[in-house]
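Chemist: Below, each chain spelled out in residue letters.
Protein chains: 2
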Amino acid sequence: MSLLVAGTVCIDTIYTPTVHVENVLGGSCTYFAAAASFHGPVRLVAAVGEDFPLEHHRTLARFKNIDASGLEVRTGSKTFRWGGKYHDNMDRRDSLFTELNVLGEAPPRIPEQFRDSRVVFLANMHPGTQAGILKNLPKHRLVVADTMDFWINGARPELNAVLRQVHGLVLNYDEAELFTGKRNPITAAREILKLGPRFIVVKKGEHGALLIHRDGIGALPAYPAEKVVDPTGAGDTFAGGMMGALAASSATPAQLLGFDNILRALAHGTVIASFNIESFSLDRLKTLKPAELRKRYEAYCRMIRVQDSKTASKPGSPRRTRKASKRR
Amino acid sequence: MSLLVAGTVCIDTIYTPTVHVENVLGGSCTYFAAAASFHGPVRLVAAVGEDFPLEHHRTLARFKNIDASGLEVRTGSKTFRWGGKYHDNMDRRDSLFTELNVLGEAPPRIPEQFRDSRVVFLANMHPGTQAGILKNLPKHRLVVADTMDFWINGARPELNAVLRQVHGLVLNYDEAELFTGKRNPITAAREILKLGPRFIVVKKGEHGALLIHRDGIGALPAYPAEKVVDPTGAGDTFAGGMMGALAASSATPAQLLGFDNILRALAHGTVIASFNIESFSLDRLKTLKPAELRKRYEAYCRMIRVQDSKTASKPGSPRRTRKASKRR
Numbered sequence: 000m001s002l003l004v005a006g007t008v009c010i011d012t013i014y015t016p017t018v019h020v021e022n023v024l025g026g027s028c029t030y031f032a033a034a035a036s037f038h039g040p041v042r043l044v045a046a047v048g049e050d051f052p053l054e055h056h057r058t059l060a061r062f063k064n065i066d067a068s069g070l071e072v073r074t075g076s077k078t079f080r081w082g083g084k085y086h087d088n089m090d091r092r093d094s095l096f097t098e099l100n101v102l103g104e105a106p107p108r109i110p111e112q113f114r115d116s117r118v119v120f121l122a123n124m125h126p127g128t129q130a131g132i133l134k135n136l137p138k139h140r141l142v143v144a145d146t147m148d149f150w151i152n153g154a155r156p157e158l159n160a161v162l163r164q165v166h167g168l169v170l171n172y173d174e175a176e177l178f179t180g181k182r183n184p185i186t187a188a189r190e191i192l193k194l195g196p197r198f199i200v201v202k203k204g205e206h207g208a209l210l211i212h213r214d215g216i217g218a219l220p221a222y223p224a225e226k227v228v229d230p231t232g233a234g235d236t237f238a239g240g241m242m243g244a245l246a247a248s249s250a251t252p253a254q255l256l257g258f259d260n261i262l263r264a265l266a267h268g269t270v271i272a273s274f275n276i277e278s279f280s281l282d283r284l285k286t287l288k289p290a291e292l293r294k295r296y297e298a299y300c301r302m303i304r305v306q307d308s309k310t311a312s313k314p315g316s317p318r319r320t321r322k323a324s325k326r327r
Numbered sequence: 000m001s002l003l004v005a006g007t008v009c010i011d012t013i014y015t016p017t018v019h020v021e022n023v024l025g026g027s028c029t030y031f032a033a034a035a036s037f038h039g040p041v042r043l044v045a046a047v048g049e050d051f052p053l054e055h056h057r058t059l060a061r062f063k064n065i066d067a068s069g070l071e072v073r074t075g076s077k078t079f080r081w082g083g084k085y086h087d088n089m090d091r092r093d094s095l096f097t098e099l100n101v102l103g104e105a106p107p108r109i110p111e112q113f114r115d116s117r118v119v120f121l122a123n124m125h126p127g128t129q130a131g132i133l134k135n136l137p138k139h140r141l142v143v144a145d146t147m148d149f150w151i152n153g154a155r156p157e158l159n160a161v162l163r164q165v166h167g168l169v170l171n172y173d174e175a176e177l178f179t180g181k182r183n184p185i186t187a188a189r190e191i192l193k194l195g196p197r198f199i200v201v202k203k204g205e206h207g208a209l210l211i212h213r214d215g216i217g218a219l220p221a222y223p224a225e226k227v228v229d230p231t232g233a234g235d236t237f238a239g240g241m242m243g244a245l246a247a248s249s250a251t252p253a254q255l256l257g258f259d260n261i262l263r264a265l266a267h268g269t270v271i272a273s274f275n276i277e278s279f280s281l282d283r284l285k286t287l288k289p290a291e292l293r294k295r296y297e298a299y300c301r302m303i304r305v306q307d308s309k310t311a312s313k314p315g316s317p318r319r320t321r322k323a324s325k326r327r
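As given, the protein sequences belong to chains R and W, one line each in that order. Its first residue numbered 0, the first sequence is counted upward by one per residue in numbering that gives the first Met the number 0. Its first residue numbered 0, the second sequence is counted upward by one per residue in numbering that gives the first Met the number 0.
If you're looking for bench data, these hints aren't it; they were derived computationally from the structure. Source: prediction; values computed, not measured. Treat the hints with care, since some could be wrong.
Copies of the same chain look alike in the list, so a pair counts if it works inside one copy or between any two.
Calculated pairs, DSSO-like style, for lysine-lysine (alpha carbon to alpha carbon, straight line, at most 27 Å) [said to hold, decoys possible]:
| hint | residue 1 | residue 2 |
| --- | --- | --- |
| 1 | 181 | 226 |
| 2 | 285 | 63 |
| 3 | 226 | 193 |
| 4 | 181 | 193 |
| 5 | 285 | 134 |
| 6 | 285 | 77 |
| 7 | 77 | 193 |
| 8 | 226 | 294 |
| 9 | 226 | 288 |
In isolation and in its complexed conformation, chain R is listed as follows (with noise of 0.2 Å):
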């Protein structure tokens, strides 16, 4: 099924406790259509300035399945820029700068051509403009949404209003307790869920993800990297790799949004965000090939696949007596 995206495209300086790079291609729409292009297709909607360099188009435009037609070059504006700034374990980090340029302006326009797609990402972004971007995208089966403490603090009415009409949310840990008041992932996403989604994903960064869903509950660790050189955009990447999935899955309309379907998902989001941390920007994943992401993939699998084999002792089974454990 077609997939879209709709969110930011940034040009980033980040500082990490070795290393800085400026001015590099970054933003929630990037990370996001570069991991669910290694799925199928992914049509991207976001705003840019025309300081937007001739590079980070060119970067776009090696990821093939990536269909940027929707990027506007808005004339007379600047593009989004965010600076930001590891602390030593690399799991906190502070803004240096952040200029809205282009974000400040009118949300990015919908190509007619996109107005067919079937699956929706709606990244962060004001959720009054996640609404105005959901009602031109008509023929929607399958839309999840990301959203942020800055939302949850200044726009829960609104928030509240997107809610009601996706089929998920995806936030971090710490978010969902912001939003709920309750510090137990689990119990905050049990709320979020009854404002109308039918499921929540709690992102923890290293410690990996929980599904909350209304069939179930999941939870998957973060594939254990040894290389982690910049954390910027696993969030995103773990999206666009899950969405890729969905959109990509053969599943039947009932099966789509099963708990099933969408753990599997949760796996591949987990695996491509793996990839992404290993280098800055999209370093890693306009390198990465297929059978590269296909091996980590299952090696993944094979790291939480704890198996019943026929030698599995059977806890809870009626007690063995001293006589009889002595015997084997």
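Given chain R's structure and the hints, the job is docking chain W onto it.
Modeler: Chain W in isolation, oriented as in the chain R frame:
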């Protein structure tokens, strides 16, 4: 196979953000043995003082599979006492007091009838004591040790000597870093593997556990618990569930230490630990029914089971053209 645990039996005073309890039964051996007892018999080796309350003896006796004949009540000595206070988020705690008492004296005696034990868990103790205990268990076939920052910093040569004799080591995330100076837990555990063990289990508390085995890497999330009253003993019940499952396993000698068998044991540890944190001391485990444990184990396996169904998209399979995508 016969399972033995050597470690501490303790009298705990615990403050959580909402409740506190005084003089409750605790200690590594206590939690370990209670958890392991759900899989089969377990022999307990520890020393307490004359002050050890009758009610705590009675609590241990409620677990029919615990053989407490190795609980040495030492005349003229006092029981080890510990007090701790948890921070608001329950993932960190401060020690309020530590009265070593009997722990500062000679190690516990191993009863003659325990000397044929095959599976051994050396709970957190001075590594010199761990080595001395192992020497008195000549028939051991599978030995796993726990340790902590105190011994990593203060008894490194003795700890290294223990590592040359054990098959597995269990330690916390931050202890793995402390041990090796490597921040990444996989990298750290690989370093420790070089010192002798066949596998390392890195515990991450509410974020699960990693298995770094000579034959591969495993990663399991914690059971997503909604009820967390007191995390004390979670690591020891985890180890007890894990070792209990291994001791009860009917795996061939070749399979016993294999990756799949150890990872499955970690899953058993994960699940019983999730019960233990629902209440103080052994309050939850002493009412836990085998059927409840089995049910949650099965639920946990479903939570992490990524299905490779026929509906699965193949990541990295040849890219579809947009036209092909539209046909679906």
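Chemist: Compare the structure with each hint and give your call.
Modeler: Going through the hints against the structure:
1. Within a single copy, residue 181 and residue 226 get their C-alpha atoms only as close as 33 Å, which misses the 27 Å cut-off; across copies the closest is 12 Å, which meets it.
2. Proximity of residue 285 to residue 63 under the C-alpha cut-off of 27 Å is restricted to the intra-copy arrangement: shortest distance 11 Å within a copy versus 60 Å between copies.
3. For a Cα distance limit of 27 Å, the shortest separation of residue 226 from residue 193 across copies, 20 Å, qualifies, whereas the shortest one inside one copy, 39 Å, does not.
4. Taking the shortest alpha-carbon separations for residue 181 and residue 193, only the intra-copy value of 14 Å comes in at or below 27 Å, while the best inter-copy value is 43 Å.
5. For a Cα distance limit of 27 Å, the shortest separation of residue 285 from residue 134 qualifies neither inside one copy, at 33 Å, nor across copies, at 56 Å.
6. With identical chains, the CA atoms of residue 285 and residue 77 are at most 27 Å apart within one copy only, with a shortest distance of 25 Å there and 65 Å across copies.
7. In this assembly of identical chains, the alpha carbons of residue 77 and residue 193 never lie at most 27 Å apart, being 40 Å within a copy and 54 Å across copies at closest.
8. For the homomeric pair residue 226 and residue 294, the shortest alpha-carbon distance inside one copy (17 Å) is at most 27 Å, but the shortest distance between copies (37 Å) is not.
9. Taking CA atoms no more than 27 Å apart as the test, residue 226 paired with residue 288 passes inside one copy only; the shortest distance there is 18 Å, against 43 Å between copies.
Hint compliance for this structure: hints 5 and 7 are broken, all remaining hints hold.
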